[in-house]
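Novice: Below are the chains, spelled out letter by letter.
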Amino acid sequence: GENVEQHPSTLSVQEGDSAVIKCTYSDSASNYFPWYKQELGKRPQLIIDIRSNVGEKKDQRIAVTLNKTAKHFSLHITETQPEDSAVYFCAASGRGSYIPTFGRGTSLIVHP
Amino acid sequence: SQTIHQWPATLVQPVGSPLSLECTVEGTSNPNLYWYRQAAGRGLQLLFYSVGIGQISSEVPQNLSASRPQDRQFILSSKKLLLSDSGFYLCAWSVPAPGLGNQPQHFGDGTRLSIL
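Line order of the protein sequences matches chains A and B.
1 is the number of the first residue of the first sequence in our numbering; add one for each residue after it.
1 is the number of the first residue of the second sequence in our numbering; add one for each residue after it.
Pulled out of the complex, with its shape left as it was, chain A reads as follows (with noise of 0.2 angstroms):
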């Protein structure tokens, strides 16, 4: 089965630092990569995604890069802020499963 393993799991940074959270995945036969955030207490929510058929996708101050060879994607946020200070899950998935793999998670700590 597919396993994700997601790094690192704590990231401090400075308030407007740029954070850059990885994920590897094994099975070359997942597709598709949804990114969760989830404030403390809260539901994890999704805050973008990206499919094999493309190599970047960007929303605002968060972009995710996908490296099918390497097996590999990122989530980048850039001039980070306070409210960006959350959890964040990667996942990934192949075609006809409607079971996602979690990574572990990044506890994201932005310091004002």
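Read the hints as simulated data drawn from the structure, not as lab findings.
Glycine included, every Cβ here is placed at the ideal spot set by N, Cα and C.
Since no wrong hints were added, every one of them can be taken at face value.
Simulated restraints, written as ranges between beta carbons of each label pair: (1) A/53 - B/52: 24 to 32 angstroms; (2) B/116 - A/67: 44 to 52 angstroms; (3) B/83 - A/58: 43 to 51 angstroms; (4) B/10 - A/45: 18 to 26 angstroms; (5) B/101 - A/45: 14 to 22 angstroms.
Start from chain A and add chain B according to the hints.
Specialist: Using the frame of chain A, we list chain B on its own:
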């Protein structure tokens, strides 16, 4: 638009008591439904998923069970709770979209379960 309702928000139960958590989805038909558990400061553990009424798949052996009596209703149950059942329980749904690729999951607000 689609919405997901999950209740109760918080629950405190004694060891050995039964459990019933309910989740309903509005605004979509035949959704894929999921139950996750999240221990404090930990990741998402998939417990059950369902692709249709009466169709339940279990990911982890445990003293919990799930049922889907109606298309948009998903219930998580236990006959006797254990201390280890404490956690944050999340219901989620996704759109089955054959031919369109996988779709994101949408989570409910969760139930925080404490076992005493």
